[in-house]
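Protein chains in written order, with our numbering: chain C, 22 to 352; chain S, 22 to 352.
Hints should not be assumed to be uniformly reliable.
Identical copies carry no separate label here, and so any pair may be met within one copy or between two of them.
[Said to hold, decoys possible] Within a straight-line C-alpha distance of at most 20 Å, the following computed EDC-like cross-link-like pairs (lysine to aspartate or glutamate) qualify:
hint : residue 1 : residue 2
1    : K193      : D297
2    : K213      : E90
3    : K272      : D297
4    : K239      : E273
5    : K213      : E172
6    : K321      : D49
7    : K268      : D297
8    : K213      : E89
9    : K115      : E78
10   : K239      : D264
11   : K294      : D101
FYI, nobody ran anything at the bench for these hints, they're computed from the structure. It should be emphasised that the depicted structure is a prediction, and the values quoted were computed from it without experimental measurement.
Protein chains: 2
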Amino acid sequence: MRIALDAMGGDFAPGPIVQGAVQAVQKDADMQVVLVGDQAQIEPLLASAGNVRDRLEICHATQVITMEESPAMAFRKKPDNSISRCWQLMQQKKVEAIVGAGNTGAMVACGFLLRLFLKGVKRPGIAALMPTQQGLSILLDVGANVHPKPEHLYQYGVMGSIYAKHILQRDKPRIGLLNIGSEEDKGNELSKDTSDLFRASPLKDQFIGNIEGRDINKGVCEVIVTDGFVGNIVLKVCEGVFDFVMKVVGKEIFGALKTELPLAQMALGNIIKRYDYHELGGAPLLGVDGICIICHGSSKERAIENALGVAAKHAHAKLNDLIVQELAAGG
Amino acid sequence: MRIALDAMGGDFAPGPIVQGAVQAVQKDADMQVVLVGDQAQIEPLLASAGNVRDRLEICHATQVITMEESPAMAFRKKPDNSISRCWQLMQQKKVEAIVGAGNTGAMVACGFLLRLFLKGVKRPGIAALMPTQQGLSILLDVGANVHPKPEHLYQYGVMGSIYAKHILQRDKPRIGLLNIGSEEDKGNELSKDTSDLFRASPLKDQFIGNIEGRDINKGVCEVIVTDGFVGNIVLKVCEGVFDFVMKVVGKEIFGALKTELPLAQMALGNIIKRYDYHELGGAPLLGVDGICIICHGSSKERAIENALGVAAKHAHAKLNDLIVQELAAGG
Numbered sequence: 022m023r024i025a026l027d028a029m030g031g032d033f034a035p036g037p038i039v040q041g042a043v044q045a046v047q048k049d050a051d052m053q054v055v056l057v058g059d060q061a062q063i064e065p066l067l068a069s070a071g072n073v074r075d076r077l078e079i080c081h082a083t084q085v086i087t088m089e090e091s092p093a094m095a096f097r098k099k100p101d102n103s104i105s106r107c108w109q110l111m112q113q114k115k116v117e118a119i120v121g122a123g124n125t126g127a128m129v130a131c132g133f134l135l136r137l138f139l140k141g142v143k144r145p146g147i148a149a150l151m152p153t154q155q156g157l158s159i160l161l162d163v164g165a166n167v168h169p170k171p172e173h174l175y176q177y178g179v180m181g182s183i184y185a186k187h188i189l190q191r192d193k194p195r196i197g198l199l200n201i202g203s204e205e206d207k208g209n210e211l212s213k214d215t216s217d218l219f220r221a222s223p224l225k226d227q228f229i230g231n232i233e234g235r236d237i238n239k240g241v242c243e244v245i246v247t248d249g250f251v252g253n254i255v256l257k258v259c260e261g262v263f264d265f266v267m268k269v270v271g272k273e274i275f276g277a278l279k280t281e282l283p284l285a286q287m288a289l290g291n292i293i294k295r296y297d298y299h300e301l302g303g304a305p306l307l308g309v310d311g312i313c314i315i316c317h318g319s320s321k322e323r324a325i326e327n328a329l330g331v332a333a334k335h336a337h338a339k340l341n342d343l344i345v346q347e348l349a350a351g352g
Numbered sequence: 022m023r024i025a026l027d028a029m030g031g032d033f034a035p036g037p038i039v040q041g042a043v044q045a046v047q048k049d050a051d052m053q054v055v056l057v058g059d060q061a062q063i064e065p066l067l068a069s070a071g072n073v074r075d076r077l078e079i080c081h082a083t084q085v086i087t088m089e090e091s092p093a094m095a096f097r098k099k100p101d102n103s104i105s106r107c108w109q110l111m112q113q114k115k116v117e118a119i120v121g122a123g124n125t126g127a128m129v130a131c132g133f134l135l136r137l138f139l140k141g142v143k144r145p146g147i148a149a150l151m152p153t154q155q156g157l158s159i160l161l162d163v164g165a166n167v168h169p170k171p172e173h174l175y176q177y178g179v180m181g182s183i184y185a186k187h188i189l190q191r192d193k194p195r196i197g198l199l200n201i202g203s204e205e206d207k208g209n210e211l212s213k214d215t216s217d218l219f220r221a222s223p224l225k226d227q228f229i230g231n232i233e234g235r236d237i238n239k240g241v242c243e244v245i246v247t248d249g250f251v252g253n254i255v256l257k258v259c260e261g262v263f264d265f266v267m268k269v270v271g272k273e274i275f276g277a278l279k280t281e282l283p284l285a286q287m288a289l290g291n292i293i294k295r296y297d298y299h300e301l302g303g304a305p306l307l308g309v310d311g312i313c314i315i316c317h318g319s320s321k322e323r324a325i326e327n328a329l330g331v332a333a334k335h336a337h338a339k340l341n342d343l344i345v346q347e348l349a350a351g352g
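Turn these sequences into a full structure, and let the hints guide you.
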């Protein structure tokens with residue numbers, strides 16, 4: 022399969038981004054990656070690609086949208102930016118998937134502007150992986166849709182459930198609605214109307230009702246549905262608390278140890294490798310006609326390699342066909 | 022000073038709740054606590070109170086609102102509940118403050134029903150303490166006001182700032198608005214209108230604009246303003262991630278150690294004691310005419326003792342006078 026990668030997107034681009042692509046194609050003999058961005062910068066980074074060089078192409082784009090730029094303004098000022106070029110390749114069916122660690126707002130907005138939505142989908146949403154005591158769950162939407170309607174949230178349940186089943190291998194995933202209390206009458210209008218939709222739908226047996234913030238990491242459900250405003254804040258709060266606690270643990274516990282310090286350091290390293298929100302391999306923008314994986318701005322080689330792998334898995338599972346079928350069946 | 026304590030509120034009531042009161046009056050010779058609840062259960066718990074017994078009274082209440090009950094229904098069905106009795110004591114000026122670890126919704130709703138608001142305050146809000154890399158910050162509102170208007174959020178900034186200054190001893194506290202990006206045009210209408218209010222106010226020099234979820238624990242500001250829906254979820258997500266990471270650390274790091282395991286266990290114990298969201302001593306409902314401290318449902322002796330101490334500190338600092346003055350001055 023062929024994937025376009027925004028080689029210029031992310032805090033560390035292009036070096037580690039391109040290297041992530043090299044590693045991904047080394048692992049997957051069927052993968053071809055189109056590196057979108059400044060040819061002069063990308064070309065030398067491929068010098069060491071060796072026998073996978075022929076599965077790495079460059080698609081030159083002269084402009085880069087920075088992390089801070091407002092998408093609407095940036096699209097006008099920078100028509101030849103690497104993000105738009107990625108989306109155009111997908112629209113023209115030249116690639117099956119796109120992956121990028123650049124400006125998230127721009128990644129999403131470009132898909133929305135092109136209206137590259139799957140049949141039946143009202144609004145795509147970003148699904149983030151959340152580590153829990155029971156394995157990975159997904160939280161969506163984490164920022165694509167700040168003013169969702171109940172039917173958008175319901176569709177996130179449908180798409181999230183398919184993702185959890187086929188990518189996370191969770192049979193009959195449970196769906197929870199993030200709210201401020203578990204009682205049925207809790208929360209705002211959006212929550213109440215969304216609950217009603219789930220309860221009257223084919224997903225009613227998977228819907229466990231309201232869940233609270235502290236339930237996420239307990240793993241009470243595999244799919245956590247919320248609006249993009251709350252979801253984005255929750256995702257970043259999780260990252261923030263994780264980083265904070267890791268720092269405190271490093272200082273306090275390591276400070277207390279002597280001879281066994283290296284053992285503790287290795288264990289902490291493993292925890293960070295396994296649970297770090299920066300490393301979880303990218304969040305899919307579910308509901309687009311194609312595959313779009315959005316990576317954390319701080320992504321390096323491993324995160325990009327993972328994200329390209331996730332895109333391939335997504336394609337092989339034919340997730341989009343399943344989503345279209347499920348929505349057409351009134352799911 | 023005299024404080025009413027809901028002796029029946031919380032997952033472990035009444036034993037550890039009453040014991041917390043005993044410890045608090047032992048520490049503070051000026052404190053008297055009115056234990057509100059079932060006399061038959063409370064009386065025997067005071068047998069060991071010794072020479073502080075005369076500063077512990079019982080106010081009998083026959084009913085208890087459970088953690089799961091809907092407040093509106095509960096008030097109708099249980100007029101003699103301990104939460105309403107606490108509020109009535111404060112309304113009648115028989116106590117200066119109330120403290121409870123019971124049903125948070127009922128604690129808040131009772132104050133709202135009595136309209137026991139400070140002069141100039143439009144809606145009280147709950148302020149939660151958040152541990153950060155720079156010390157404690159406060160997050161408000163965390164659940165009293167799910168549909169706030171911009172002026173409510175602005176008033177949370179005013180009250181939070183006074184709290185941070187006089188209780189947390191933070192000079193010129195910085196105020197941030199929780200949002201999904203730091204750019205000015207980010208977020209929903211509420212965020213934008215609230216930003217405008219802050220920028221045109223006497224607090225404009227303290228207002229640092231939008232902050233993201235991951236900034237909270239970095240301690241970029243001492244006061245974090247948000248609506249009660251987002252704030253409640255964020256607070257509980259923080260608790261959830263903290264508990265989750267502590268479990269993982271316990272398993273992975275402790276599992277890697279041998280001789281120095283006890284040192285690491287002691288260090289982890291210290292971290293939990295210092296940062297555990299369950300132990301931070303209660304969240305004030307700011308803006309009520311009186312003092313109301315809401316404790317975590319899982320509160321035991323130490324949390325209740327801390328909360329009673331916070332109520333006393335709140336009274337001594339004359340926070341309410343400062344809030345009324347600041348709001349009257351257009352703050």
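How the hints compare with the structure:
Within a single copy, K193 and D297 get their C-alpha atoms no closer than 26 Å, and across copies no closer than 34 Å, so neither meets the 20 Å cut-off. For the homomeric pair K213 and E90, the shortest alpha-carbon distance between copies (18 Å) is at most 20 Å, but the shortest distance inside one copy (35 Å) is not. In this homomeric assembly, K272 and D297 come within 20 Å of each other (Cα to Cα) both inside a single copy, at 18 Å, and across copies, at 17 Å. Taking the shortest Cα distances, K239 and E273 sit within 20 Å of each other only across copies (17 Å), while inside one copy they are farther apart (25 Å).
When the C-alpha separation of K213 and E172 is checked against a cutoff of 20 Å, the pair qualifies only within one copy, where the shortest distance is 12 Å, while the shortest distance between copies is 26 Å. For the homomeric pair K321 and D49, the shortest alpha-carbon distance inside one copy (19 Å) is at most 20 Å, but the shortest distance between copies (55 Å) is not. When the C-alpha separation of K268 and D297 is checked against a cutoff of 20 Å, the pair qualifies both within a copy, at 13 Å, and between copies, at 15 Å. Taking the shortest alpha-carbon separations for K213 and E89, only the inter-copy value of 18 Å comes in at or below 20 Å, while the best intra-copy value is 35 Å.
In the homo-oligomer, the alpha carbons of K115 and E78 lie at most 20 Å apart inside one protomer (12 Å), although the nearest pairing across protomers, at 78 Å, exceeds that limit. Both within a single protomer and between protomers do K239 and D264 lie at most 20 Å apart by alpha-carbon distance, with minima of 19 Å and 9 Å respectively. Taking the shortest alpha-carbon separations for K294 and D101, neither the intra-copy value of 36 Å nor the inter-copy value of 54 Å comes in at or below 20 Å.
Consistency note: the structure conflicts with the earlier hints numbered 1 and 11.
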